[in-house]
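On the provided structure of chain A, position chain B as indicated by the hints.
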Amino acid sequence: MEETIIQCEQITHYYGSRLIYEDLNFEVKRGKILGLLGKNGTGKTTIINILNGYLLPRAGTCRLFGEEMRSLSPATKARVGLLLEGHVQHAYFNVEQIERFYSRFFPRWKREAYHALLEKLQVSRTQKISTMSRGQRSQVALGLLFAQDPELLILDDFSMGLDPGYRRLFVEYLKEYAAAGRKTIFLTSHIIQDMELLVDDCIILDYGRILLHEPTAYILDNFRRYHLPSPLPIAGCNEFWSTERVGDHWETYSFLPPEEVARKYGLTDIRHERLSLEDAFIGLTGKY
Amino acid sequence: MTRAICYKEWIKTRRVFLLSALLFAGYIIYAFIHTGHLFRVEGAVATWAGMILKQTFLLPTMLRWLPLVVGILVSLAQFVPEMTEKRLKLTLHLPMPGHRILIVMLLHGIALLLALYLLSALLLARGLACYYPREILAALAWQALPWFIAGIPGYLFTAWACIEPTWKQRVPNALVAVVSLSACYLDAQPGSYLAFLPCLALVVLIAFLAPFYSIARFKEGIQ
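Which chain is which? The protein sequence lines are A and B, in order.
In terms of the working numbering, the first sequence opens at residue 1 and continues consecutively.
In terms of the working numbering, the second sequence opens at residue 1 and continues consecutively.
Chain A on its own, in the form it takes in the complex (with noise of 0.2 Å):
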């Protein structure tokens, strides 16, 4: 049985009136790379500073390597690499002196890491990071990440503000960094097409609560669009989401395959085809 590494537990926030989960519960374990998708104010980034003790819920636990987010140890910090939204960093830094500053926090440091990865970006080792661009800071983030070599790494909208090709080379760096060491990933990010190359599992949340938690492949394989000639006599059913009229025809979406579909409510003249991660999340949580 593998080691659990995050375990958040009936987790329940509100800011102010307003609910944002309520008995959230999830794990992730060593080894895998887990996504948090939705909307705009479903509370991605409120997870992301409960686990690391920057916000104190209503109710309920989290613990990073078993220990309550309120009060890590030294020892279990240096086993978390910490990117936050924005790729913020010490940016009165040059690109020499954050990899110094740093370097004397974590034992297993891998300076090398950091400096192939800065080679790659047209600065030099005195240019401020204030003064580089979104995608260059991006990297430098990533490098001092993948020098600390933490055992978990949480990344806080990591593509927000890159460029595609800052954001495949993100995706790209982090998948070998995680197969090469059995690291363990939580992440999340607007940009779904990126999760679809990376991540493991999936949890979707809806406000208020987890839409679904499940491995990407599964939803992958199994949730799909269907295509309904008419008025749908499946109103009111859970195993459909987002059904709406499109045109003359009817659109929803659904993990039951197309023979159930078929044969369960009579239907014959049904299209449905299989969706990205992207469509598939469009599907779950709706357009608006």
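Simulated from the structure, these hints should not be mistaken for laboratory data.
It cannot be assumed that every hint is accurate.
What the hints assert, rightly or not - One-sided and incomplete, this derived list gives chain A residues near chain B with beta-carbon spacing under 10 Å:
id, residue
1, Ser17
2, Leu19
3, Phe26
4, Asn52
5, Ala59
6, Leu84
7, Gly86
8, Gln97
9, Arg104
To be verified - Below are the DSSO-like pairs computed for lysine-lysine, each with C-alpha atoms no more than 30 Å apart in a straight line:
id, chain 1, residue 1, chain 2, residue 2
10, B, Lys168, B, Lys219
11, A, Lys175, A, Lys29
12, A, Lys128, B, Lys168
13, A, Lys175, A, Lys128
14, A, Lys120, B, Lys168
15, B, Lys89, A, Lys128
16, A, Lys110, B, Lys89
17, B, Lys86, A, Lys175
18, A, Lys110, A, Lys120
19, B, Lys89, B, Lys168
20, A, Lys39, A, Lys29
21, A, Lys120, B, Lys89
22, B, Lys219, A, Lys183
23, B, Lys54, A, Lys39
24, A, Lys39, A, Lys128
25, A, Lys183, A, Lys120
26, B, Lys168, A, Lys29
27, A, Lys110, A, Lys128
28, B, Lys89, A, Lys175
29, B, Lys168, A, Lys32
30, A, Lys128, A, Lys29
31, B, Lys86, A, Lys110
32, A, Lys110, A, Lys32
33, A, Lys183, B, Lys168
34, B, Lys219, A, Lys32
35, A, Lys120, A, Lys39
36, B, Lys219, A, Lys29
Cβ atoms here follow ideal geometry from the backbone N, Cα and C, with glycine treated the same way.
Below, chain B without anything else, positioned relative to chain A:
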């Protein structure tokens, strides 16, 4: 690790430290010119008599505010970058106890200020020793001591206000800071602060603890 934190703080504060050193250097030069001018225009007897009989402060009065301004500047240089984009999360994520990180950060700032204050005071005392006897210098030192002390809680209270996560709480924090610091700016005879020194020490202690309260609020995610 402590050295690494100090390194980070030095990178943030080195320009302000240099600026502060220049401000003090400028003040010292101006103080010597001012003193020479006093002796030439009013004469040594009138200047000494003013000091001894009327307790006139013989140095340019901007010394009242200079240590406080420098304390606030150093604090802003240290803590505004930490709160910009909530970089403090990165700092607190370092594998070191959070309270120890803050202690090192605060002690770094205090050490910079003490270095500036002590060096400036020494240079002033050395230069003024050419004009005044030891007794007058001692009286001057007693007059200026509360202003120098004010620089330390000024620095700490500014850190407290910077780290505080909400503007709503920053305003009362600033008011508490102003009231506490005003105790250092009461007009009084040289040496009369001697009895008040334990109270000033208490103000410094409270000011040192206040940023820990803001850190606790920051970690609770109060918005």
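Hints and how they fare:
| no. | hint | result |
| --- | --- | --- |
| 1 | Ser17 | violated (14 Å) |
| 2 | Leu19 | violated (16 Å) |
| 3 | Phe26 | violated (20 Å) |
| 4 | Asn52 | holds (7 Å) |
| 5 | Ala59 | violated (14 Å) |
| 6 | Leu84 | holds (6 Å) |
| 7 | Gly86 | holds (7 Å) |
| 8 | Gln97 | holds (6 Å) |
| 9 | Arg104 | holds (4 Å) |
| 10 | B:Lys168 with B:Lys219 | holds (17 Å) |
| 11 | A:Lys175 with A:Lys29 | holds (17 Å) |
| 12 | A:Lys128 with B:Lys168 | violated (34 Å) |
| 13 | A:Lys175 with A:Lys128 | holds (28 Å) |
| 14 | A:Lys120 with B:Lys168 | violated (45 Å) |
| 15 | B:Lys89 with A:Lys128 | holds (20 Å) |
| 16 | A:Lys110 with B:Lys89 | holds (23 Å) |
| 17 | B:Lys86 with A:Lys175 | holds (28 Å) |
| 18 | A:Lys110 with A:Lys120 | holds (17 Å) |
| 19 | B:Lys89 with B:Lys168 | holds (21 Å) |
| 20 | A:Lys39 with A:Lys29 | holds (25 Å) |
| 21 | A:Lys120 with B:Lys89 | holds (28 Å) |
| 22 | B:Lys219 with A:Lys183 | holds (27 Å) |
| 23 | B:Lys54 with A:Lys39 | violated (73 Å) |
| 24 | A:Lys39 with A:Lys128 | violated (34 Å) |
| 25 | A:Lys183 with A:Lys120 | holds (24 Å) |
| 26 | B:Lys168 with A:Lys29 | violated (41 Å) |
| 27 | A:Lys110 with A:Lys128 | holds (21 Å) |
| 28 | B:Lys89 with A:Lys175 | holds (26 Å) |
| 29 | B:Lys168 with A:Lys32 | violated (42 Å) |
| 30 | A:Lys128 with A:Lys29 | violated (38 Å) |
| 31 | B:Lys86 with A:Lys110 | holds (26 Å) |
| 32 | A:Lys110 with A:Lys32 | holds (23 Å) |
| 33 | A:Lys183 with B:Lys168 | violated (42 Å) |
| 34 | B:Lys219 with A:Lys32 | holds (28 Å) |
| 35 | A:Lys120 with A:Lys39 | violated (34 Å) |
| 36 | B:Lys219 with A:Lys29 | holds (26 Å) |
Hint violations for this structure: numbers 1, 2, 3, 5, 12, 14, 23, 24, 26, 29, 30, 33, 35, all remaining hints satisfied.
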